[in-house]
Amino acid sequence: MSMQKCGLFYTTYGREDGLFPSRFQKICLALFFAVLLICPQFMNSYVMSIMNLILIAIIGAVSLNLLTGVCGQMSLGHGAFLGVGAYGAAVFSNMGAPFFLALLGGGAVSAMIGMIFGIPSLRLKGIYLAISTLAAQLILEYVFLHAGGLTGGANGLPVDAPEIMGYSFDTDSKIFYLILFVTVLCVLVVTNVIRSRPGRAFVAIRDYHQSAENVGVNLFAFKLQAFGLSSFLAGVAGGLWAHYTMYITPEQFSMGLSISYLAMIIIGGMGSVLGSIFGAIFITLLPEMLNLLTSSLSGVAPDLSAIIVPMKEGVFGLMLVLFLIFEPEGLVRKWRLTKAYWKLYPFAY
Amino acid sequence: MEYYLQLIINGLVVGSIYSLVALGFVIIFKATKVVNFAQGELVMVGAYVCFALTVQYQLPFLVSFFLTLVFSVILAILVERLVLRPLIGEPIISVIMVTIGLSSMLKSFVQMTWGTQIQVFPPILPQEPYMLMGLPIAPVYIAAFGLSLLLFGVFSLFFKYSSLGIAMRATAFDQQAAQSMGIGIKSIFALSWCIAAVVSSIGGIILGNINGINAQLGQLGLKVFPAVILGGLDSLLGAALGGLIIGVLENICEGAAKDLFGLGGFKEVASFVVLVIILMIKPHGLFGTKEIERV
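These protein sequences, in sequence, are chains D and P.
All residue numbers for the first sequence refer to my numbering, where the first residue is 5 and numbers rise by one.
All residue numbers for the second sequence refer to my numbering, where the first residue is 2 and numbers rise by one.
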């Protein structure tokens, strides 16, 4: 079954730290991307729209995981930072900036706001930090709603589809390639940050802040960096979202969005890039699966459509609770166990 | 001036409900160190159950009031036993997230059962307003304020003199020492959830009598955070005063913002702006325990 060696043998630390430990993994990944690249040719626009949403959610989840899972700074305001990026990118784009510049601009604005709200993290930990980021979320939501000149207030803000060198990405399958490109870039950035000096500093801060400071980690600088980088990537995700949906309103970036991102990294696995990807897929697919279920049951129980919206929220909460109780390390642990099982199949050890 | 006086009175009434909910929050936090994001949903569930018993099953108000309290005790025991107990000793983020998940479940339960439109309680107190210093005040406001005061009195006495209350304080102070003195920590945890749920339901019932209830009532739970941070996370007196202060403050800010800048809806964030300022300058609040620590 498996083409993989049952153990990995390294002669240098650099090799062990490499992104892809074995050739088998490289081949699998290449195949996976090949499938991803050709699938827009065969899928309908509904499936493609879900894939796009998943990709955007992956950026958001990976960036939150960098802050919360790797650096240990809980944030209940990630949805609002996404919103800052979305509004920033939308405003830049409407002023005539090219797509990638608008995306970077939105990210930069979001990073700035994120760092401002990250300043209290120097003094606050645990629940105090959670509550201060909750305040950030609600204050930013208020700004989205009431800074009418810039954000369009409750009416929302229209954005044009992204255009690069005169080529307009105006359908789900076209924009898929663009989003996939940005997502892969963001995931690579986070993976590489985690295995370099800042990443190790983040882990040290998460595990015990005093020992981290004792071995020479500048707590304030690195916490701010974590907030900045995380909100920058969130802003990029928001900018993509704005260009993808082509219309943004304050409700899209509510408290619920922050919570669903936290749910993604918890269900996927804290502190793991792969886990955030699993979590993003799981949480994005959950409501779609429920839609499918209720529409297939509609012959049996016709009034299900009335309760579908609250039911989605209830199932979401139930999943969160069940995962926290029964699998606190998330889907990524299940994945590792499954992989380990098949690696040695059919011999248990 | 009269406008502001009216705002202050409204603020005191809303604030007394904040204090009740904050009281529940602080009791849970003190005893179990759980940050409960589902406090607002406990308020909502209590209000809806009482509404269902009074309006849909036509029970007299007092009967349904007590049945609601019984219901919240059962709900609290179930929640504590099934959801919170497996997470004892887990990191803070897990505990916060599990209460957030719980709040989603409770909210969806309410919306699936009773829908999302506003429901109105039948009037229980006379509608005729009393005149106080030339200002008309509805009797239900006075009842709300009085009931909150009464509950605070009862709980202060409970924590000061009853052996259960002393056991709860001991648990909050040092779990291991309390356990070695023969106090059952687990039953204390369950008890603190019960008290919190009961107090929240009472808050919900009062609120339902004032404004009617809808599925957004759970938002109230967020307002608890400014109140408890201002008062100090582990202080009952702090919760009481914090709730009142936040209630008054947000009403005045709302009025002032509308008067001076023409900004609407400032009520929603005013208390959170205050919260950020308090966290910056005095994170342990007015009456909270100072944790001496260098971060």
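Worth double-checking, as some hints may not be accurate.
Derived pair list, reagent style BS3-like, types lysine-lysine, alpha-carbon separation capped at 27 Å [claimed, not checked]:
no.	chain 1	residue 1	chain 2	residue 2
1	P	K161	D	K129
2	D	K316	D	K343
3	P	K291	P	K161
4	P	K34	D	K129
5	P	K283	D	K129
6	P	K291	P	K259
7	D	K30	D	K343
8	P	K259	P	K161
9	P	K259	P	K34
Non-contacting residues of chain P with respect to chain D, defined by C-beta distances greater than 10 Å in every case (computed) [unchecked claim]:
no.	residue
10	F62
11	L136
12	F153
13	S157
14	G183
15	L264
16	V270
Quick caveat, the hints were computed from the structure, so don't treat them as lab data.
Here a beta-carbon is modelled for each residue, glycine too, at the ideal position from N, C-alpha and C.
Hey, is L136 (chain P) genuinely clear of chain D, shortest beta carbon separation above 10 Å? 30 Å, holds
Tell me if the straight-line CA distance from K291 (chain P) to K161 (chain P) falls inside 27 Å. 22 Å, holds
Over 10 Å to the closest beta carbon of chain D is the bar; see if S157 (chain P) clears it. The claim holds: S157 (chain P) sits with its nearest Cβ about 25 Å from chain D, beyond 10 Å.
Checking the smallest CB distance to chain D, is V270 (chain P) really beyond 10 Å? 4 Å, violated
Please verify whether K34 (chain P) and K129 (chain D) have alpha carbons no more than 27 Å apart. 14 Å, holds
Would you check the hint for K259 (chain P) and K161 (chain P), treating anything up to 27 Å between C-alpha atoms as holding? Status violated; Cα separation ~44 Å.
Looking at F62 (chain P) again, its CB stays over 10 Å from all of chain D? At about 28 Å from chain D, F62 (chain P) clears the 10 Å cut-off, so the statement holds.
For the pair supplied as a hint, K30 (chain D) and K343 (chain D), is the alpha-carbon distance within the 27 Å limit? Holds, because 16 Å separates the two Cα atoms, which is no more than 27 Å.
Given the hinted pair K316 (chain D) and K343 (chain D), is their Cα-Cα distance within 27 Å? 31 Å, violated
Regarding the pair K161 (chain P) and K129 (chain D), is the alpha-carbon distance no greater than 27 Å? Roughly 31 Å between the alpha carbons, so the hint for K161 (chain P) and K129 (chain D) is violated.
Below or equal to 27 Å on CA atoms is what counts here, so check K291 (chain P) against K259 (chain P). Distance ~37 Å between K291 (chain P) and K259 (chain P) Cα, so the pair is violated.
Would the pair K259 (chain P) and K34 (chain P) pass a check requiring their Cα atoms to be no farther apart than 27 Å? 39 Å, violated
Hint check: violations occur at hints 1, 2, 6, 8, 9, 15, 16; the rest are consistent with the structure.
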